[in-house]
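So the sequences go chain by chain: A and B. Just add 7 to wherever you are in the first sequence, counting from 1, and you've got this note's numbering. Just add 7 to wherever you are in the second sequence, counting from 1, and you've got this note's numbering.
Hints in this document: simulated from the structure, not taken from any laboratory. Computed from a predicted model, the values in this text were never measured in an experiment. A hint or two may mislead.
One copy or two, either will do: identical chains are not told apart, so a pair holds if it fits within one copy or between any two.
Said to hold, decoys possible - In the SDA-like style, the derived pairs of lysine to any residue whose C-alpha atoms are separated by at most 20 Å in a straight line are:
1. Lys194 - Asn65
2. Lys194 - Trp163
3. Lys194 - Thr17
4. Lys194 - Asp149
5. Lys194 - Pro160
6. Lys194 - Phe205
7. Lys194 - Pro19
8. Lys194 - Ala51
9. Lys194 - Ala207
Protein chains: 2
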Amino acid sequence: MVARMTNLATHPPRVAEHEVLPLLVARWSPRAMSGEPLAAGALARLFEAARWAPSGGNVQPWRFVYAETGTPEMAAFLDLLEPGNRVWCVRAAALVVVASQTTLADGRPHPTHAFDAGAAWMSLALQGSSMGLVVHAMGGFDRARAPAVAGLPDGWAVQCMIAVGRPGRVEDLPERLQAREGPSSRKPVGEIAFRGRFGAGA
Amino acid sequence: MVARMTNLATHPPRVAEHEVLPLLVARWSPRAMSGEPLAAGALARLFEAARWAPSGGNVQPWRFVYAETGTPEMAAFLDLLEPGNRVWCVRAAALVVVASQTTLADGRPHPTHAFDAGAAWMSLALQGSSMGLVVHAMGGFDRARAPAVAGLPDGWAVQCMIAVGRPGRVEDLPERLQAREGPSSRKPVGEIAFRGRFGAGA
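Construct all of the structure, not just a fragment, from the sequences and the given hints.
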């Protein structure tokens, strides 16, 4: 496995304001992948992680449709991506379509299907990061065509696509992506958490 | 701190099908809380955890409005809950309204605002669980009134409410909730992950 390279000039080390689980701060979304397949059973461990996420009424409205490198499905999944994502995802070991069920069993709209699927995605991402894998969610794909390509029934919506792979060499990325290859920063806690009322101090 | 009690007859221990981070399987959603306030700085650590979640374009469309026990805001937040949630949330140390921004900076609808907020919620939940706290998301609250009570501006949607507290005694819960106090099960991986096409085998 090749060590991940990050550009420290553009991506200074992350500093947490308050003490948290190190794995939460260590996870980020690299693009450099090696192109090799995953170890046997690695994908199952990612889906196992997603499985244990909480959901409204324990409905578990998330599903994962995946394609592995070297298969016809992988070519179809790659073709869904915007060119800016396809250029680095050609070295992914797998692509995953994340879908969520938009209605409850009684037919009413499900108010938290996307939110719950996001929780499952986070668990999957942390598991992959802890295994040393690249796990990178993308919004840049053909949302109109994705449901048909993944074979979604009516009542299911695509939330995102995920690239999964073994870490690769940053210098194999297109030049404009090399400088972006590093952990991104975040808003301070005081801008996302408010006491009593939105916009109040933390 | 009182040890959490679970009903092993109705809630057998969770068994992962594939090896994953133990904290993912250990996290669940208790209702029994002690009513005590949190330690100073504990809530900030939960929001710090949420802060590092990934989001489309790193927009970080999540916000958390919280009320702590003994404040006027807490009474207003409790009043938003459905009676079935209020009955155990009276012992929460804090209630949190999770909101997400439904539009991007250019005014277009944001396709992943709820999904991204769900990722931030999962990070928050794992952090709280690792600190030995009860962290329990709820969909059962007044979705029509919640935005005004939390002071949300236009363009922000409420995703869920979260109860946070110190663990308490199961026997202080209403009787019908005592039997439910334990980790819930999940669908097998083979029902949530599909190779190539929705509904195919894993």
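Results for each hint:
For the identical chains of this complex, Lys194 and Asn65 are inter-copy neighbours only, at 10 Å across copies versus 31 Å inside a copy, given an alpha-carbon limit of 20 Å. In the homo-oligomer, the alpha carbons of Lys194 and Trp163 lie at most 20 Å apart only across protomers (17 Å), although the nearest pairing inside one protomer, at 32 Å, exceeds that limit. For the identical chains of this complex, Lys194 and Thr17 are intra-copy neighbours only, at 17 Å inside a copy versus 43 Å across copies, given an alpha-carbon limit of 20 Å. With identical chains, the CA atoms of Lys194 and Asp149 are never at most 20 Å apart, being 29 Å at best within one copy and 29 Å at best between copies.
When the C-alpha separation of Lys194 and Pro160 is checked against a cutoff of 20 Å, the pair qualifies only between copies, where the shortest distance is 19 Å, while the shortest distance within a copy is 38 Å. Taking identical chains as interchangeable, the C-alpha atoms of Lys194 and Phe205 lie at most 20 Å apart only when both belong to the same chain, with a minimum of 16 Å there against 37 Å between chains. Taking the shortest alpha-carbon separations for Lys194 and Pro19, only the intra-copy value of 15 Å comes in at or below 20 Å, while the best inter-copy value is 41 Å. For a Cα distance limit of 20 Å, the shortest separation of Lys194 from Ala51 across copies, 14 Å, qualifies, whereas the shortest one inside one copy, 33 Å, does not.
Taking CA atoms no more than 20 Å apart as the test, Lys194 paired with Ala207 passes inside one copy only; the shortest distance there is 16 Å, against 41 Å between copies.
Consistency with the previously given hints fails for number 4 only.
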